[in-house]
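Protein chains: 2
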Amino acid sequence: MDKEQFIINAFLNSINGDDGAIVDNWCFSKDLFFENVHFKRSWMSLEQIASKALLINISDAIVMNAKPKYALLGLALPKNLSKAEIKALQKGFLNTAKKFNIKIIGGDTISNHKIDISITLISEIFKKPVFRKGLKIGDLLAFSGNLGQSLKGLELLQQGKKLSPNHRFIKPKIRKDFFYEIAQKLSCAMDISDGLSKDLSRLLKINNLGISWYKNLNSYELYSGEEYEILFAFNPKYENFIKQCAKKHKVKLNIFGQAVKGKYEFVGKEHHF
Amino acid sequence: MDKEQFIINAFLNSINGDDGAIVDNWCFSKDLFFENVHFKRSWMSLEQIASKALLINISDAIVMNAKPKYALLGLALPKNLSKAEIKALQKGFLNTAKKFNIKIIGGDTISNHKIDISITLISEIFKKPVFRKGLKIGDLLAFSGNLGQSLKGLELLQQGKKLSPNHRFIKPKIRKDFFYEIAQKLSCAMDISDGLSKDLSRLLKINNLGISWYKNLNSYELYSGEEYEILFAFNPKYENFIKQCAKKHKVKLNIFGQAVKGKYEFVGKEHHF
Chain A
1 MDKEQFIINA
11 FLNSINGDDG
21 AIVDNWCFSK
31 DLFFENVHFK
41 RSWMSLEQIA
51 SKALLINISD
61 AIVMNAKPKY
71 ALLGLALPKN
81 LSKAEIKALQ
91 KGFLNTAKKF
101 NIKIIGGDTI
111 SNHKIDISIT
121 LISEIFKKPV
131 FRKGLKIGDL
141 LAFSGNLGQS
151 LKGLELLQQG
161 KKLSPNHRFI
171 KPKIRKDFFY
181 EIAQKLSCAM
191 DISDGLSKDL
201 SRLLKINNLG
211 ISWYKNLNSY
221 ELYSGEEYEI
231 LFAFNPKYEN
241 FIKQCAKKHK
251 VKLNIFGQAV
261 KGKYEFVGKE
271 HHF
Chain B
1 MDKEQFIINA
11 FLNSINGDDG
21 AIVDNWCFSK
31 DLFFENVHFK
41 RSWMSLEQIA
51 SKALLINISD
61 AIVMNAKPKY
71 ALLGLALPKN
81 LSKAEIKALQ
91 KGFLNTAKKF
101 NIKIIGGDTI
111 SNHKIDISIT
121 LISEIFKKPV
131 FRKGLKIGDL
141 LAFSGNLGQS
151 LKGLELLQQG
161 KKLSPNHRFI
171 KPKIRKDFFY
181 EIAQKLSCAM
191 DISDGLSKDL
201 SRLLKINNLG
211 ISWYKNLNSY
221 ELYSGEEYEI
231 LFAFNPKYEN
241 FIKQCAKKHK
251 VKLNIFGQAV
261 KGKYEFVGKE
271 HHF
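Chains as they are written, first to last, in UniProt numbering: chain A, 1 to 273; chain B, 1 to 273.
Hints in this document: simulated from the structure, not taken from any laboratory. For clarity, every value in this text was computed on a predicted model and none was experimentally measured. Treat the hints with caution; some may be incorrect.
Identical chains blur together in the list; that is why a pair holds if it fits in one copy or across any two.
Simulated crosslink set (SDA-like; lysine to any residue; CA at most 20 Å straight-line) [to be verified]:
#1 40 / 113
#2 79 / 194
#3 40 / 255
#4 198 / 212
#5 98 / 23
Chain A extracted, bound-state conformation (with noise of 0.2 Å):
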């Protein structure tokens, strides 16, 4: 066993291994987005490191089929952040909790030597919730958009290049409408944070499935993290369904493979920064 998943059941597992936790009708997520582990200040503007930081956790709680209510900020700041600066965190963060109908109820703030976000969101549960678990045999694996930009944005980045502020690595897509509106058909689902393979081998192994391929994905679409696009699957009946639902809200479908019996091991290299 690596580290790393070490490190998961020795914390984590404990009730679930899933984007968000449920209790009664809450969903709760937490993600921590901290400087030099998730990002450079150079890579982008303290508004969308803000954004960025509130996004990727609104995108957990989307994939669990719940809806965003309140989140708790912890932020560790350096003691040398203008009062501009700390305005344009301010304005990353309202701007986003207001587009998703997101108040902020609290949190704590303390010095740091760097940047580090920390964000607790409190989702609604309005139907019912989509885990992790629940894949059968038989079932359509799928994900959405294009994946591999976020890497490529990042071999951008480290080259000293720029990346525009639509780019997905600045901003992630969230796939809301699509996804509440596919979500009572779906067997499972989950986010892509560390790429499609790693993500995927997670889901295979919480389900003991493994995969048919039916197609040949290259390694950027395979390995590229941070794409915050959706991994799902579901009975080939809702196939017609799906491919509606993606067409009405302009968003690429990708059926890549079908759950069988076996087992799937993720062998590439994460690369995300």
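Starting from the known structure of chain A, arrange chain B on it as the hints suggest.
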């Protein structure tokens, strides 16, 4: 306005300025516990670090009169931690969670160059919550326990000395049973994390009141942070009841002043790491 208050106003005061945020019957609280901000690894064992990280969050929930039920752990951990070190952290979290009947239901782990812990606690409100707001003219102001030990411990650590495992700085005393019993009679309460003087100034400011002092407190009592004793106020008619409860729970009760019209400005210096 100082920058700390600027940050608090920018992000956290949209609903409250309390230790926890109340939504329906739930209290949500979040505290960060960061290496080289709140602790040095040479000062405490990993088990003690994990335990204190959870205890300071539990303290927030209890002073709102909420019962901690669930926790989300955000763990930023160095890659070079050994499995034995990870197990020591795990032991600290699990033992403390068990003592307070808390289930760890999820979170996030990432690699970082130091140990930074962010905990969210989800607590249930069984009766009425106690807020920072609610102080009335004539209310008696009190704190539990003896203040000053935390700062004295910090000074010893900074001189390279060691503290015993039961020292206040290592293991805050949580006055759970005492607080739950007196909570219904209190006008307001908060825990003492930044020193009595600083926290009192916040309590009085939010209530637009001042204090008439009953006794002179020394600078350790006024400025020692991370005490996690409770600052609270009550109508004088409850004085006997509260004295009896303190006696029953063997908690030292210090009635140090009375709320009056006026202002109280914090003028000292915060003494915590």
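Note to self: At most 20 Å between alpha carbons: which applies to residue 40 and residue 113, within, between, both or neither?
What the structure shows: Both: 13 Å inside a copy, 15 Å across copies.
Notebook entry, point to check: Between residue 198 and residue 212, at a C-alpha cutoff of 20 Å, which is it: within one copy, between copies, both, or neither?
Noted result: within (16 Å within a copy, 63 Å between copies)
Margin query: At most 20 Å between CA atoms: does that hold for residue 79 and residue 194 within a copy, between copies, both, or neither?
Written below: Classified as between; 17 Å across copies, 32 Å inside a copy.
Next item on the list: If the cutoff is 20 Å on CA atoms, where do residue 40 and residue 255 land: within, between, both or neither? Let me know, please.
Entry: neither (34 Å within a copy, 50 Å between copies)
Notebook entry, point to check: With identical chains treated as interchangeable, where does the CA-CA distance between residue 98 and residue 23 reach 20 Å or less: within a copy, between copies, both, or neither?
Noted result: between (25 Å within a copy, 18 Å between copies)
Consistency note: the structure conflicts with earlier hint 3 alone.
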